[in-house]
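Visitor: Using the sequences and the hints given, assemble the complete structure.
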Amino acid sequence: MKTITFKINGSKYSKDVEEHKTLLRFLREDLHLTGTKEGCGAGECGACIVLVNGAPVNSCLMLAVEIDGSEVTTIEGVSKNGQPNSLQKAFEKHHAVQCGFCTPGMILTATDLLKRKPKPTEAEIKEAIEGNFCRCTGYVQIIEAIKDASGQLKSTEE
Amino acid sequence: MFENIDKEDLKYVGKGVERVDGLEKCTGDALYASDLFLQGMLFAKVKTSPYASARIKKIDVSKAAALPGVRSVLTGAELNYRVGLYIVDKYILAKGIVRHQGEAVAAVAADTEDIAKRAVELIEVEYEELNPVLDPVKALDKDSPLVHPDLGKYSFVEAAFTPKPGTNIANHTKLRKGDVEKGFKESDYIFEREYANPSVQHVPMETHVSIAQWQTGDKITIWTSAQSPFTVRNLFCYSFGISHKNVRVIVPYVGGGFGGKAGIALEPLVACLSKKAGGKPVKLQATREEEFNLLACRSALKYRIKTGVKKDGKIVAQKMTMFWDSGAYADYAVNVTRASGYSAGGPYEIPNAWLDAYTIYTNKVYGTAYRGFGHVEFFWGLERHFEYIADNLKIDPLKFRLINTLKPGGKTLTGETIHHHTGNVTKCLELVAKSINYGKKTPEEIKREKKNKTIIGKGLSALHKAPAMPPFTGTVVILKMNEDGSIIANLSLTDYGAGTYTSIAQIIAEQLKMSVDRIKVAVETDTDRDPYDWQTVASKGLIMSGNAAILASQDLLDKMYDMASQILRCGKCDLRHDNEKVFVVHAPERFVNYKEMAVGYAYSNGNGIGGPLIGVGRYMAAGLTNLDKETGQGNPALDWTYGAHAVIVELDPETGEYSLIKSASAFDAGKVINTKAARGQCIGGFIQGYGTAACEGYIYNNKGQLMNPSFTDNKIPTAKDIPEQMDLFFVETAQLDGPYGARGIGEHSMIGVAPAIGNALKNMTGIELLHMPIRAEDVWKAMSDLKMKKNKK
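Chains A and B, in that order, are what the protein sequence lines are. The first sequence begins at 46 in our numbering and counts up by one. The second sequence begins at 45 in our numbering and counts up by one.
Don't read these hints as lab results, they were simulated from the structure. Glycine included, every Cβ here is placed at the ideal spot set by N, Cα and C. One should not assume that every hint holds.
[As the list claims (entries may be wrong)] Label-pair distances were calculated between CB atoms; the ranges are:
hint: 1; chain 1: B; residue 1: A121; chain 2: A; residue 2: E63; range: 32 to 40 Å
hint: 2; chain 1: A; residue 1: E63; chain 2: B; residue 2: K107; range: 19 to 27 Å
hint: 3; chain 1: B; residue 1: F81; chain 2: A; residue 2: D157; range: 24 to 32 Å
hint: 4; chain 1: A; residue 1: G114; chain 2: B; residue 2: N623; range: 51 to 59 Å
hint: 5; chain 1: A; residue 1: K199; chain 2: B; residue 2: I532; range: 33 to 41 Å
Guide: Below you can see the structure in the form of structure tokens.
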């Protein structure tokens, strides 16, 4: 066991954690933040992506002890004051969601992208979400939602 | 059920309404079975077989059982229960022999996942390896080892299936139409080839997960990632001999299914672990590797087609033989065989047809339902075959198809008559052909070829599919009005991504003439609370539950009109409704609000009438029949959805790598209920079809061990793989018994993608690929072989 101190979605925590526990399991089992999903447990599908100090990581490949002193954002920290943000609204509006299992990771990847590149090109969007598998949507409506959230969709495309 | 209303009059149906479950899924609030952590819950792990076929000589669980924190350990020896959808052929844990690599031989439930994992490692199993049955065609040899020597003792659904005890045949489906030998004699040419597909994994992003709690007095609750809660309950009760009233199945949000979660899977095992652990809830979540080889996959297929045609391109006769590799258990594979058997000629008129379709047991991962239910697999062969025939007849492949498409007055393989309102495959083909400028290259494409040093080619395919379901399938929708006049709809069709709940809400809104925002379709399904639905499969959800939703709305309105006629002192015939009011047609100022009647109407003196409002709609498929076992003749189809795909493919001739410049898809949807959801189904299905076409598939070694159970070795499409442009067309030939004329499209979008690509590659290079997937190395090799062949000449 090791005691770690960190911030998740703006709240400060100090917790004991087993050294071998992944960040994914720590979030889901110890902090009950189940919005972060496990798709493969091997860093291949992106369903478990969270932001650590603003950067997207596959939380199944990171140990919980590694977030000591860090700030983590999970899908639960994306809405503000009980309202969806522009990305969440765009995903909803464009049916960029089907089963929804990849959605949390996808939204966090997109959050990072839009922070780095407020007006990404289509190629940049594809590059950014390449590591996030979606088996339902075929990605097209997800790309449209990210474009819309970045104010790049002409009204005719909506 | 087709409401003959002008499009302009529809307020909600036909619009791109936002998903009823969209927000929860974007915020992390949506709870899936994997997200449930119950008080006192134990975690399970399974010990799986490394061998495809082996006798279990000994299992020693003593070390595992002694590990602190282990609460129950089970092996097959303790569990004398068989489970099965159509043939009851699978033990909960392998008993005596294992039939595929990855099959569970023992299981543990412990206080934590880590302890369960450690305990499984401590279980010692001694096997005697046996010769595995791997090739489905060789499995039919008289001297082949039998995967199920006890096949004759299993119970099965006799109305639909024909297992052959003493062989590896789990089912033999026959179809006989006309006189096929006479047809061949009358043909000018005969073409025969064989086409193949491997097994494929569904890859739902959420792997299978089940939690069960078996309490004293055989009271059992199951939380599970299943598509069909009532089927889980029914099969569970059958296997354990427990009354249905004792078993409650709850399905929260499901992270994708695609058919892989259609039946029963981990539920019986976790229930048994819970019972042995004294009734504590037990959770088992499959790892991604287990999703590949503990759980089921899509069956592999070898499809032999022999076709007789006239010089002018008219098909006269066709003989079809399907060898379906079911793997170790029959599961849905026997029904895939049946459903693809009666559909195997495609949307074409084939006057004389003969089909034998075999479901064959082998020592591989077992096959189940997968989006398209056999049609993705056999259309690969059929549409490549028709291309081959057209080329040899020197008829344009599109023209060849159009000559032979089913038209009003035509007969399907099972003898059903096609009507104008059945749908229009001809139009679908014409639309996609036009969209890609089929048959020629544009100047831009020629320029692009030069610039990129590539070759561009075009191909297309047609498709059809009817829901595969028992002829007597029924469903129910219940509408409950809340105190404020809003509505809660309960049904046991699950929505694991397709968006059907939103379409159902739109249909209810349209019927009750109230805002769709005021209607909630309860997402979690619960067999204790919700009314019956057979299964969520087969693209039958919208048509059947949509009809039930219309009937439930009409029942609710009837009850409201009863009350309103008293309150407003007029006949029901003079009442109308709109905007959450029932009013007198000729005096609309006399009205009563829905919410005033929601829980019964109260007069000002306190007298009450009516009662809380509830609407019930029961819908039963009508006029369907079992098929004759010798001839396959009968009426199996609730509806036929027709469609077509076309693609523009760009190929690097040096490497064999290819990508899609454009895709075009057309479906006769009858009536699109939700434009955005329909588009999502069609794009998503196309990309899943592209995965199946281009890169996915099980690879076994010669011992029957699966070599690629991971995303590293079994790639699925990413955002970078999508076509540069995707065109989509909906033909709307109203289905007369569909809700607002609608029919299902969920599976169809995936069906014809692979042959369209195969045909495009053939058109541009001359290579004749007969097996899926079409990997870059397959294209490169076929091109090299063709070059060598030409050089030799």
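Visitor: State for each hint whether it applies.
Guide: Hint-by-hint comparison with the structure:
no.: 1; hint: A121(B) <-> E63(A): 32 to 40 Å; verdict: 35 Å, holds
no.: 2; hint: E63(A) <-> K107(B): 19 to 27 Å; verdict: 23 Å, holds
no.: 3; hint: F81(B) <-> D157(A): 24 to 32 Å; verdict: 29 Å, holds
no.: 4; hint: G114(A) <-> N623(B): 51 to 59 Å; verdict: 58 Å, holds
no.: 5; hint: K199(A) <-> I532(B): 33 to 41 Å; verdict: 38 Å, holds
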